[in-house]
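Novice: Chains A and B, in that order, are what the protein sequence lines are. For the first sequence, this note's numbering assigns the number 1 to the initial residue and increments by one for each residue that follows. For the second sequence, this note's numbering assigns the number 1001 to the initial residue and increments by one for each residue that follows.
You may find that some hints are simply not true.
[Stated by the list, open to error] What the simulated footprint calls covered on chain B by chain A, stretch by stretch (three residues with Cβ under 8 Å from a Cβ of chain A suffice, anywhere in the stretch; the number is not a length):
| id | stretch |
| --- | --- |
| 1 | 1090 to 1098 |
| 2 | 1209 to 1219 |
[To be verified] Facing chain B, a subset of chain A residues (Cβ under 7 Å, in silico):
| id | residue |
| --- | --- |
| 3 | A55 |
| 4 | P77 |
| 5 | Y78 |
| 6 | N83 |
| 7 | T84 |
| 8 | S88 |
| 9 | F92 |
| 10 | H94 |
| 11 | F103 |
| 12 | G104 |
| 13 | Q107 |
| 14 | K109 |
Think of the hints as simulated: they come from the structure by calculation, not from any bench. Glycine included, each C-beta is placed from N, C-alpha and C at the ideal position.
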Amino acid sequence: MADHGPGDLRLTEVTKSFERFTAVDDISLTIPQGSFFALLGPSGCGKTTTLRMVAGLEQPTRGSIHIGDVDVTALKPYQRNVNTVFQSYALFPHLNIIDNVAFGLRQRKDADWKRKAQEALDLVELGHTARKRPPQLSGGMQQRVALARALVNRPDVLLLDEPLGALDLKLRRQMQIELKRIQSEVGLTFIHVTHDQEEAMTMADTIAVMNAGRIEQLADPTTLYEKPASTFVANFLGQSNLLPAQVAGDPTDGLATVRTQDGDDLVVAAEHLPAGIREVWVGVRPEKLRLGGDGRNQLRGVVTDASFTGVATQYLVRLPWDKEVVVVQQNDGSGKLPVGENVTVSWEAGQEFILDQRQDADAGAEIDDE
Amino acid sequence: MSEALATGGPPARRARRNWVPYALLAPGLLWLIVFFAVPTLSLVSQSLQTGDVYNGYVLTWNVQTYVDALSTYWPQMVRSLVYAGLATVFTLLLGYPLAWFIAHRSGRFKNVLLVLVVAPFFTSFLIRTLAWQTILGNGGLLESTMSWLHLTWLLHGFESFLGLVNLGTGNQLLYTPFAVVSGLTYNFLPFMVLPLYANIERLDLRLVEAASDLYATPFHAFRRVIWPLSLPGVVAGTLLTFIPAAGDYINSVLLGSTQTVMIGQVIDSQFLRVLNYPLAAALSVVLMAVIIGLVMAYVRRAGTEELV
Chain A
1 MADHGPGDLR LTEVTKSFER FTAVDDISLT IPQGSFFALL GPSGCGKTTT
51 LRMVAGLEQP TRGSIHIGDV DVTALKPYQR NVNTVFQSYA LFPHLNIIDN
101 VAFGLRQRKD ADWKRKAQEA LDLVELGHTA RKRPPQLSGG MQQRVALARA
151 LVNRPDVLLL DEPLGALDLK LRRQMQIELK RIQSEVGLTF IHVTHDQEEA
201 MTMADTIAVM NAGRIEQLAD PTTLYEKPAS TFVANFLGQS NLLPAQVAGD
251 PTDGLATVRT QDGDDLVVAA EHLPAGIREV WVGVRPEKLR LGGDGRNQLR
301 GVVTDASFTG VATQYLVRLP WDKEVVVVQQ NDGSGKLPVG ENVTVSWEAG
351 QEFILDQRQD ADAGAEIDDE
Chain B
1001 MSEALATGGP PARRARRNWV PYALLAPGLL WLIVFFAVPT LSLVSQSLQT
1051 GDVYNGYVLT WNVQTYVDAL STYWPQMVRS LVYAGLATVF TLLLGYPLAW
1101 FIAHRSGRFK NVLLVLVVAP FFTSFLIRTL AWQTILGNGG LLESTMSWLH
1151 LTWLLHGFES FLGLVNLGTG NQLLYTPFAV VSGLTYNFLP FMVLPLYANI
1201 ERLDLRLVEA ASDLYATPFH AFRRVIWPLS LPGVVAGTLL TFIPAAGDYI
1251 NSVLLGSTQT VMIGQVIDSQ FLRVLNYPLA AALSVVLMAV IIGLVMAYVR
1301 RAGTEELV
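Bound conformation, chain B alone:
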């Protein structure tokens, strides 16, 4: 009787259930195959082809493209990583206190502040970046504010400093590395603040009291308790900032000069203007590989897998 029950109904139901998860997965899987796996393979394949746009390309496993790409454009590659790294550090320095304030100190204004953090997204990325031209440009908002505060000397001092360390012409802020990193920092700040906020908001502040009770000064309580517990948010925020910032070129185009060219700009011009598809594809593959390598090393170093 019980045997009959056990072997009767269930198998049919189990068989029906078995394919349901796959059916639900199928659309996403299809999407990934068509719009991620295939393009990536095609990109890698493109980077190993020879030929030109007019006569077509043939896969010749031409690794020389990679050698050419790296030997010609390594400065732009390194610059991209440095700018993205700097922007990540700055967004973290600005974003952490901001996220802490919103999470624990803003009271009933919490939601308003969160909307304000996201508000820039309501404007186009391009427009927002263009706005920085009017802020940083000579005679722009920053300069007029500084002159109103009688701090023009400070601004000019900073400009001269940029000139001295070879990061500008000595008499302007716009079209310098400073402007590009500022733009990157501004544009990616929400990507840092939101994951940080989500993490910091869940922190149990009673742990700070416990640390303080156990002889930890506020600095030590932060370093030994709060910071380690913030790491998942920090890692998420830095990845969301660093990865897109490394490939970004809008900030460099609009706020930079020929001295600030980033790898994204090179790829863009190789693809769309020079029409050297293999070179552009090779640079893309290299950028992707470098970022994946850095991210893996970073995540391992941050030890986030240990966190519950």
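Same shape as in the complex, but just chain A:
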């Protein structure tokens, strides 16, 4: 399939300006054929505009879009072999389900539309609803019809515009698994736009984190989480403890030492240090921190809050210099520490990530899910 497919989707220096603001600012990226790609970011970051430009529903102000070797920048949406699953589903209310699914096929005069549409419906396990009308189906079913309606055309690229946004949590998880199964079955390029970081991480091979019209970082989910390239990414994907520190001395044996405000020395992996920077943020994820002194790096503090969530307990620990860190302790039967207890927070060297201290420590932290 991969050998004779349409090729990769390439966006080259794409910018989209509206009257008063720039929604997408000079984005270049390549999305390999057959991959499950996610555009992740808070609302208003330009991810939907990017998607709409790929669909042809918006014209880029500058830049070009290629699918394989074909320049599709100036093509109308109906001239592109790209289909979209809209956030609102946008099913045609006057047509029954099978006619909705067959719409694209019949538009392209596909003589075999009946069989293909039924197959696509069967794929999303809704074969029995062919004669019904969209309003008769539940939200989750409508979402699957919208998916079948796009899939059935075997587009070069399939775009998903927050298609799970309107579903409740349980259905959403179910559909995430479903979508991933279908994607690996049909092998099409999927581009999934979402503001839900968990959704993007579970589903996508590659994620582009967008902020204010630009791509903050493009990587696989593990790299994004373990090695965020900016404080925005560090805060937007999960929680981060960012400790200000100064690089002290030269690295030896692949380890480097940084000194906190309080004079505590922390050992970090030398490869994590960005070159030529002395003032750094040392970032540690809450679940990497442990209460108790068996890690190499140790900080003393006082428990100020403890909230039990079932699988884990989330502690707030105040360090002597008034910085609070979040510690997530797995519920391994070790019991809950009371508020006010003096504790040692520790972690192993190499479990941190290091960022330039000139970046805003709160970037991306205050953004709520819609």
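Fit chain B to the given chain A structure using the hints.
Specialist: Leaving out everything else, chain B in the frame of chain A:
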């Protein structure tokens, strides 16, 4: 205990509630009986009576009146339906883009435009139609505008065309079928625009994007998505235009000639001038039956019952 509760209070309340809907319906029902059912029956009965105004009428089930009415006045009947049909088509052609514009393109002027559509109603129907005499008449507004635009030749060409196809005398617009249909179109345009607007305004334009995404050109997106979804508005608008236009006679009286006589004019003169009540009543019944028949066929054909 629970049984006592179940059989205790509720029945009395239910009994009281039962007649409330009927009481609320009664005024409307009475109104319909007195001003619709009774007159309709009396009209049908009148059409089957014989006699004259001075000696009174007797119900003789005289069906001959219908034969006379149709054999004498079928041209006016057909003409009425054709004129009303043409006016309906023209109001649709003018009204659909207008309603679309008001609904989706007019921004903050939406309400102003809607008021403008209804504004003609603030003037009497008669006055508005008379105004068209001054527009279409020789030396009227249309002619002076055309001459100002150096397009008089176009106007005269159109007049000659009307003469050639036997729809006028070849040198004027007023008192031709063209004038009558223009008047009908103008007068009934709001009846088309308002229901269309109400329907088009609710259309989800994202469906156009979806259609376009599924390879539909703008034309196909209109034909396969927008038009079917507009049908309830189109049906409502065409009915509200066609039905009154078919029975209208003011436009024909003021803007037409003896060659444009519509069935409404005939009924009017039979009732009020010739005083042939049975004939006028028979024509009314026939017109009503024809319209009901056409409307039923049309609604069935348009398939609006399928639309949610």
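Novice: If a hint holds in the structure, say so; if it doesn't, say that too.
Specialist: Structure-based check of each hint:
Counting residues of the stretch 1090 to 1098 of chain B whose C-beta lies closer than 8 Å to any C-beta of chain A gives 0; at least three are required, and the coverage claim is violated. Coverage of a stretch by a chain is defined here by at least three residues with a beta carbon nearer than 8 Å to that chain's beta carbons; for the stretch 1209 to 1219 of chain B and chain A the count is 9, and the condition holds. With its C-beta approaching chain B no nearer than about 6 Å, A55(A) sits inside the 7 Å limit, and its interface hint holds. With 7 Å as the threshold, the beta carbon of P77(A) comes within range of chain B, its nearest partner Cβ sitting at about 4 Å, so the hint holds.
Interface restraint check: Y78(A) against chain B, minimum CB-CB distance 5 Å, threshold 7 Å, status holds. For N83(A), the interface hint holds, since its Cβ comes within 7 Å of a Cβ in chain B; the closest pair sits about 6 Å apart. A cut of 7 Å between beta carbons decides the hint on T84(A): the least distance to chain B is about 5 Å, and the hint holds. Nearest Cβ of chain B to the Cβ of S88(A): about 6 Å, under the 7 Å cut. The hint holds.
Taken as an interface hint, F92(A) checks out: its beta carbon lies about 6 Å from the nearest beta carbon of chain B, inside 7 Å. Of the supplied interface hints, the one on H94(A) holds, with its beta-carbon coming within about 5 Å of a beta-carbon of chain B, less than 7 Å. A hinted interface residue such as F103(A) counts as satisfied when its beta carbon comes closer than 7 Å to some beta carbon of chain B; here the least separation is about 5 Å, so the hint holds. The interface hint given for G104(A) is met, as the beta carbon of that residue sits about 4 Å from the closest beta carbon of chain B, less than 7 Å.
For Q107(A), the interface hint holds, since its Cβ comes within 7 Å of a Cβ in chain B; the closest pair sits about 4 Å apart. Look at K109(A): its Cβ only gets to about 10 Å from chain B, farther than 7 Å, so that hint breaks.
Of the numbered hints given earlier, the model fails hints 1 and 14; all others are met.
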